[in-house]
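With the hints in hand, could you dock these two chains into one complex?
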Amino acid sequence: MRTQHQYLYSYHEPVDYIPSFDREPSEPTMPAAHRVFIADKFELPDTSNLLRRNRIDDLLSRSVRNYAVTLISGRAGTGKTAAAALFAQTSPSFSWYTADALDRDPGIFFSNLAASIDGIETLSGRLTKFVSSSFEGIRDIESDIIEIFGSNPCPELIVVEDIHHLFDTEWFDRLFPILIQSVPRDSHLLMTCRSTPPSPLWRMRSKQVLNLIEEELLYFSFDEASAFYRALGLDRRRAYEHQSVTLGHPRRMIGLTD
Amino acid sequence: MGSPAFVLKTKLLPPRTVPEILHRARLFEKLNSNQNSPVTIAAADAGCGKTTLISEFVKAQSKPSVWYQLDHSDADPVVFLNYLTTGISQLKPEFGAKIFAYLADAGEDLAHFPDRAVDLLINEILDQIEEQFIIVLDDYHHIGRDTVVHRIVDRFVQYSADLFHLMITTRDIPPLAIAKRKTQFRSMMITREDLLFTDDEVRQLFKATLNIELSDDEVEEYGKRTQGWVTALQLIRQVAERELASGGEVPSFDYKNVLKGSELDIFDYFAEEVFARESPDTEDAFMRLSVVESLPLNVCSRLFPDLKCAAILPDLAQRNVFLSVAGDGAESEVYRFHPLFRDFLQRRFRSVKGNAAILGERKRVADLYLRDGGWDQAIPLLIDAEETERAAEILAEHGTKWIAAGAFTSISRNAERISAASLDRFPRSLLQMAEAERLQGQLDNAKRLLERAVRCMAAIDDKEGQAEALHSLASLARRKGEIDKALTLLASAESYADDGSEAAMRCANTRGLCLVSDGNWVAAEQQFRVALEIAEAKDNEQFVRVVAHNLALAPGFRGDFAEAIRWFRRIFGDGKPEKLLPQEAIGHLNVARLHLYRGELKETEDHLGRSLHLCQLFNLRALRGEIFEAFANLYRERMELPRAEEFYRRAEADYSDTGINPLSKEFFEEFAKYYRLIGDRVRSRTLLERLIEHRKERNNEHGIHSAELGICRLDLDEGRVAGLVGRITGHAEFFKLRGSNFDEALAMMLLAEAHFVSGDLKVMSAAVARVLDLSARFDYEYWLRNEIEHNRDIFAYDDIFERLPLDLRTQVSSEPKETKPVKAPPASTVSTQPFSDLSIELLGHVRIFRDQQNPLSADAWTTKRARDIFCFIASSKNRRVAKDVLMDLFWADEDLRTIEKNFHPTISHIRKALNAGRTMKQNFLLFRDGAYQLNADVKFLIDTEEFDDLIAAAEKAKKEKDNEMLRDALERASKLYRGEFMEGCYDDWAEERRGYFREQNLRVLSALAKLAFTEKKWTQVQRLSEQIFADDPFREDIHRLVLRTLGAQGKAAAAKKHFETLRSSLRSELDIEPSPETRRIFKELVG
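Chains U and X, in that order, give the protein sequences.
Using our numbering, the letters of the first sequence map in sequence onto residues 108 to 365.
Using our numbering, the letters of the second sequence map in sequence onto residues 6 to 1092.
Calculated directly from the structure, the hints in this document are not laboratory data.
Please note: incorrect hints may appear among the correct ones.
Said to hold, decoys possible - Which bits of chain U does chain X cover? Going by a derived footprint, with three or more residues having C-beta under 8 Å, they are:
{"no.": "1", "region": "317-329"}
{"no.": "2", "region": "353-365"}
Said to hold, decoys possible - Label pairs and their in silico Cβ distance ranges:
{"no.": "3", "chain 1": "U", "residue 1": "352", "chain 2": "X", "residue 2": "607", "range": "55 to 65 Å"}
{"no.": "4", "chain 1": "U", "residue 1": "159", "chain 2": "X", "residue 2": "542", "range": "27 to 37 Å"}
{"no.": "5", "chain 1": "X", "residue 1": "643", "chain 2": "U", "residue 2": "280", "range": "41 to 51 Å"}
{"no.": "6", "chain 1": "U", "residue 1": "324", "chain 2": "X", "residue 2": "687", "range": "46 to 56 Å"}
{"no.": "7", "chain 1": "U", "residue 1": "278", "chain 2": "X", "residue 2": "579", "range": "35 to 45 Å"}
{"no.": "8", "chain 1": "U", "residue 1": "280", "chain 2": "X", "residue 2": "856", "range": "35 to 45 Å"}
{"no.": "9", "chain 1": "U", "residue 1": "305", "chain 2": "X", "residue 2": "945", "range": "53 to 63 Å"}
{"no.": "10", "chain 1": "X", "residue 1": "801", "chain 2": "U", "residue 2": "280", "range": "26 to 36 Å"}
{"no.": "11", "chain 1": "U", "residue 1": "314", "chain 2": "X", "residue 2": "484", "range": "51 to 61 Å"}
{"no.": "12", "chain 1": "X", "residue 1": "801", "chain 2": "U", "residue 2": "324", "range": "16 to 26 Å"}
Ideal Cβ placement from N, Cα and C applies to all residues, glycine included.
Isolated chain X (complex conformation) (with noise of 0.2 Å):
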């Protein structure tokens, strides 16, 4: 997918280098010291240079960067991510593919959530972006301060993981959190004091550019009048260049009187002196140009076909006159007037040609601009030319292209300028306005420009539009919860819509969700099932699929799972295009859930890792507890117990994480079944206790009889039958009225079950029936598959054998499967179970894990310095290293441009070794202040860090005396050295590191052959001493406890070859002794 049709390239063009430009060495150097940091913000008025120094800086860089123009159209999310990925698709032409097909769909999603889009482009950048680059955003401050932008500039900037470095050029410090942290602020602000110009450089750029040696006194007298601000430097420069190209000498303007005046004034007084110094043609083009805003080039001669733009443009850009060009010198060529410039040629043709001439141009243009369907530039353009009932009846017009493409401040802005008066002939554009306004969240605004929307279409007999308004009115009051006042309303507009009409599509889904508050579930079905059949008609992709959903959520409540799976296949279904949405999520995981239902397992599976996909696109941490659950409960189903309990615990963690009670979910009530099926029944009751405590303190009728269901399988289980069928008849009567069938289902077998124990079997017959009815009716086969399989005594039993299928009495005839093992570790230990994101093991060779059974394998990497850089960080302090660390040790003999190349391709190449192949990606890297470190937020288990813990672990025990905890802990720790550190690595730091975990792992070596030894084991500490000895040959106090172990076994002998064996070892290869209490233990144990 490519960008988006309503981007501006020339928005993207960076300026054009300006001739005659001084080199500003003291500012180009804080620049760089900040390059580390994620933004460089240059704050200053207008005119200090700030884009020029910026642009200077960025072209002199070795990295690929992306520069975005700002305008006040830019305020609005979607037009701003637009933007800013078109921008970075130009470093990488697939780039983007994803957050733009979010963004075309993305609607109000982005207003509410805009940190998910953000989280896309970032994991985009991640996937696709190897090299480090420099984004700019120019003029920032043009999308003013109540903006949703600065909350995506802050999570960009928030993680921006060191690939790209912000530098934001703005006229005021903007409201971004990285501006409140003062200290850390300081250091990446460019201001107004920074850009002034200093002595030395007011002397240079007079020297530099005219070749003017200016002596003490003038350039003091300069810089204390202008206070170094450049735009009044470049002004007396300029002057001063056409005096010398005149012949004239250096100015000889009374500038000290000038430059007393205000800021405005100095610039007035030198734009007059160049303006003075054109042509009269010159002057009458500079006015007439002044009234667009940015000059494209080939725009400009469309529009001005007298003025010669293509000649007159270049020659005034390249002699500097405040006009300023951005382009790549081929056809998108763009140029911009100085601020300051524009605003004095206005002030100057309104003057001199009088307000006529200056409305009657704007005219001009702006039909030029509709002649060319370009109304967006045109509404503006009216609007200044007093056209205003024109400009609404524009905006009433294309306003739907504005939403459509996310420009709501657009509408706003331009809606605000134009009077009520011509809004309210033209009420369509209120509607437009309405809907910018509801996108933007501002609800009560929505609502009264629809109020009126309503009266001025009644005034001029709009019946399509008013039913257009009184939908959205209706809309508006259902999302409050006023439901009677949404369905008035939503009366009133159909009886204006048209049969088969948008507005009639729309009335119906509200309807529908109207009547799902009301819990009128069969009405509401019937009300989407009108509402997709419009949306099918017209075509309308998007609202087929949020009706589809909405329909396919009553059949699944009430029990028929495969009604509500045809529903989702309208969306699902083969072919069906995948839509990067955040619902989406919720759809596959729904879809997920049905399919288990039904055992269609690998279709769960697959969903599932769908909206896993899109949980972690969009970072959706608060659905991803549900997620794991569902997964979990889908091990469980295939009897893969361990890896159902440590996704159960996945869950538990990631509901905690977010701040989600797990009891507000299904969680406890899976988790309890799981227990069941481990046969911890104990644990199982709890948890739905807990449940049903919980369900009660919130009237949740249907969950508390579900969980008692639960309750009431635990105790048949347990025998307890007193009062049992009573409880379940309860329930299922529950389900039953309330139609789910399921439920009635489940509730029907136990009860079977129930009279099965207590011999009733005439009733348990009657329950069997309802069982196999509500299973032949919803398809519930895979469901009493399995219940034969466990019941068969049950269907065996004539009066049911008879009434079954013929396949269904062949299974019940058939020898039972063999089932599997459960093998799940024991109740007590579950709860302890570990589980992790990433294994590191670097104890022995490396090892790396996403899943216990599949290790990293070594090409994953690409390169070796990538694992090893990683590993690095893994095994280092707090799992952190500085970047000037790794640089340091990992390219210590190149020069930087080589570590430019490679560093951030390295780091990438970590990142996607890490998440190839997976459907969940994690950010196992990040990178905070300078250093990169490992994730906290993700579950790492390193043998490194587990070894050490072990070994504080045994001294702890050894201080306590505590035999057992000591010999627990130091065989764990003897398990997890697998060999040295990092084998086959032989770089100095592994080296170093080698060497620490060869000694500690002695220490537990040799603890634990001297509590085999006071434990009289002799086997032990003559095997673990073989091991000490493989490693340190000369370890006198290990060969003191073998002589000991010898002598305990009253082998003199053998002591004696030890002894001697060790001495002459010690002679010919260190020229020493043993110690004098090694020869006292060996004479004592000989005598």
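Just chain U, same shape as in the assembly (with noise of 0.2 Å):
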């Protein structure tokens, strides 16, 4: 297979193609007066085009009623954030905050996390600088998501989509048992990411604190596939076919109808 590095190039330099860059690694640091974050983080993806699934719906009911952490986790395409999605606006309030590389910083990823819980006031629009003194760097997880949990009453909802960006972080191992303790007592904590988190989940999973959902039950059953294909304009022959073939993995489904 190929490998991957050195392989893409710049684009910003009049002058000529440039080589390709070595990378050096560097700590994700940036002074506090530089974060940034930007609002479309914190905004509820398009539902428009969705299917709402009552099955989905009915198990993250549950879900929030037993535990104080929902955590899905599956692959790219198998539905994670429209369930969730659709799910958070069933919620009488909720906060939406989608992690990505750059919240491997942890004090970016403290930022973002209040700023979603915060609700969020954007300058031009679109864009916010947020300047914090509380969250100059991890002084003490624990005190920093209290704090943030604790400063205004939350959501009853907080999504806090790809989670799994942070998992090869050194300070994620600490994070998430403290992150999953602190969810306050009317608020419910929904994740998603791709892969499970490397702490182990069975010691939290057998006191019924977190729930993990994994990528098989966001299946489409044959049920839900007619209704979508229905939805769609494809019949019903078609759709127990191609959920045959996919075994009902969404992506792949939906390839199959273009």
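Dropping the structure here:
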């Protein structure tokens, strides 16, 4: 197979083609004055073309009733975001935060988490600069999280999407249990990720704190596939065929409808 | 897309025919004889009649023409190319879309790489224009000597492809490369000496225009005194004309004394004479009109409402009072004073009315221009009117428009004439000047101006201006590698910039680039996002593209290909405009590579095609190797191995042609994978070892680990497992530390395989768990499925199987896919496999291929003549034929006009046929030094050449008595000869070549037959003899061979029968007997 390195080329320079960059590792730190987050990280994705499935809503409702935290784990294209977004809309209050590679900086992560929970005001419509003296770096994860969850009334549903971007950070192992244990009594933390966190989950699961929903549960059943195909104007027989071939894997099914 | 708004159409109007002009046959003849060379240069002082001569010549031609009157503002490449393209688009309205699109966004790319724009322009000419045309660059000297436009013209001339002839008028010899080739230059040059009137012409001038017969003495005197200077003669003629009109005789002035003066004195004397004869109103009009450089009729009427310009200008032009007119006779009519006469008028204005009057008039006209939005025309007039502060103010306000139009020289030239104090008072003018300098590559000048701007902005408390200037300084520092300094300047700039402002946007992007230089990708990514947000909010599409590309690089490097593609979609997504910029070729190449990692092969091919298209348009030869390499990777992925091999070879050849060391690229690593795939591990290892050595020299740590991982792969294939686990683990840890997720996944998978081989299944399981984790997080599903396909035993292991999602478990449990057999040539022959850009097969029915699967269809050529001309050139010596020869051969019975009409369209059909439906357009046919030739930069396979080469090889082998090589060469030659040369073409030239190749083929067959005889392969002798007799039944040497063959087989009866048949046919057809030698052999055989 191909390896992946030095294979992309810079575009910005007018002076002919820029040779590959030699990348050096660097600490993901930034001066506080330049911490920036982008408002669409906090916006609920467009759900207008998504199919609501009662089974998934029920699954999540039960999870909210019985656990403090729900973790939906599945590969790309298995319908995590759709499930979370459609469910969030049924919640009386919710916050949304999509993590990405930049959030591997703990300061940025905590700033963003706080911003999503507080609700955000943006400059120029979309852009916000966030400077917080509270999160100059991680002093104490526990107290930082308590500060975030305790400073304001929290929404009933706190969604953090794509948490897997943080899995390889050295502070994630400390963060994850504290985060789960600190969720306010009247709130529920719903996280999505592409693989399961490296932290041991069994203890939290056994204590009825964390509910793990794996991707197979998100796959389309035959009835759901039929409804989905009907919505697309396709016939039931094809829905059945495609569901059998793909086992109901959402992205692969959608691929076949193309 | 139409031509840019900044273009003044009047500059593209040819001069109107001057009444009473003398036809100069000897100069026409010289110009005519030079039409086959790419350029003619008329270089002489003012007033020598260059423009008149060239304009009359162009009008007399049947070819269309483009007239471009240059002035000092045309020294900027963008301006020059915009005018030139607009001019050509007058010949074909749809012409120019690509070049205009490029010029609109080219920015400093053009200053650095002007050749690209020319290549784009020439490609568009080749694509769209079929008829030969003339381009005139009038008053070329105005652009000065220090401009990149000369490079543009040089390349334009070099690659003119016989489609246009360039005619340049200039007062001095321009610094063009062609002008340095002295022998060639002489023939294409019209000098002052050529332009001076001969005695005969002086006599004709007076006779033709005034009906005055000059005596020999007078002719000699005029000639001696004026040295044939056209303007002086015209002046004398005009004075004489007026004398005659007023009923006088031939001029009675003392020309002998006048003509002793300098040319300027002579001019002033006669101009005074001309001037004095006009009415006071006209004199006044003359002086006032002289304040502007050119006089478009409609503009003049607005600027000088009291002068009745619509009446007097045509009248003066009609009377030839040093006023030329250009135009189409309709609205767009523009008048220009003769430059010497305009100088005279301005001097006169000053002396008669005083300095204040002329300054006042200039200011008045400038105000009128400004009222109509003509700030670019107002600025030089304000400077001339000594209103420099207002000029600086307008420059500060409008300079960005000049920059946007690429008119950098206009900024610099005007700013040079404004006092420093005025510029400092309006420091944004300094920003414009600095930008103009930067865009022309004058970075030190730009820096000085920016520092001055910062000081002046601070004095007037212009914070946004300070932010802009400081940002520009930071950007310069970054380019010089002074990253710390750049970051300090940016911090300062940001302190002045408003959030969400243009300056804040630029600062964020530049900060991002600084952080990239420092290797801090995470922080850089944040900055790019800020820049992108502002750019999108400001709807700055150009900036969005640049930043989105920068943003895509970081996830691309860390192996988050989907995220990288997400950013690229902002540039290349559905409905996004295609930009014709060279950088976009790099963008498409990058996206293609990302798609390939994800197994999105169709998208990969699409983006590679688009990258190659731009590469071709801009002639980005240095990038082409990489595009071919990426194509090869794609074909390797699809298991189209011969094609992959071909494209690796193409890439290698392109790297070599452009002087790029392939070791500095990924080429060897990719090629090594190809060799491993076809089972040539030795070659694969050799390539990787060379690469590692090279990377060690350059301390390329990541590259070393990557290539060494390739070696580990080979070791595992070959069962060299000692120490292997440790080595792979080291690489995996390195990649993890660096955040190179995909590389880590590769290493971990290889580690799992190594553990599997050593039976350490528990550790193997942990390694695969990491593979699955990375694969899920970064969506490496395509890659993972391939790994499952190749390592089913590993994935079927209980611990691992249970971790797999349902669909992947199904894959593990299913029947293995039937893999396509690897159809690659044996490794030993791979490297010698030739490839070609174009295969031409002329032996038999003509077949021409860009790729072996799809020969060009007959109707691709538009006309058969186009195809035949191409075949003629391809089969000629040195693949080259003089243009005249082509004309004589293919249009033998047609008149010159028909030839002129048809010749270039036919050549154009050839070029189009060879590129029809192709992403990779190539210029197969060049025009050089009066001849058409196949482009030596392109790789051709021509069967006639190969056939001749094989015969030469056979002759050599025969001399060296190397029968094996002899047979090989002969058999290959025989195989190439599919039939007669160009079957179906009955032109004389084809018949002639056909005869030659037929003879050669008979030689091949007979040599093969003789070889078969010595090897006692009787059936072969028989078959080959029959082939020969089909073409020439009376080849007695072959008949003797047949007799001997029959004899050797003991077939006496058959030999007798053969001999009798031969004798009978010789008697009946040729009335001769078999030769004594044939009879002797026959006797020996049958006793």
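Verification of the supplied hints:
{"no.": "1", "hint": "317-329", "verdict": "holds (count 3)"}
{"no.": "2", "hint": "353-365", "verdict": "holds (count 4)"}
{"no.": "3", "hint": "U:352 - X:607: 55 to 65 Å", "verdict": "violated, 20 Å"}
{"no.": "4", "hint": "U:159 - X:542: 27 to 37 Å", "verdict": "holds, 33 Å"}
{"no.": "5", "hint": "X:643 - U:280: 41 to 51 Å", "verdict": "holds, 43 Å"}
{"no.": "6", "hint": "U:324 - X:687: 46 to 56 Å", "verdict": "holds, 51 Å"}
{"no.": "7", "hint": "U:278 - X:579: 35 to 45 Å", "verdict": "holds, 40 Å"}
{"no.": "8", "hint": "U:280 - X:856: 35 to 45 Å", "verdict": "violated, 56 Å"}
{"no.": "9", "hint": "U:305 - X:945: 53 to 63 Å", "verdict": "holds, 59 Å"}
{"no.": "10", "hint": "X:801 - U:280: 26 to 36 Å", "verdict": "holds, 32 Å"}
{"no.": "11", "hint": "U:314 - X:484: 51 to 61 Å", "verdict": "holds, 58 Å"}
{"no.": "12", "hint": "X:801 - U:324: 16 to 26 Å", "verdict": "holds, 25 Å"}
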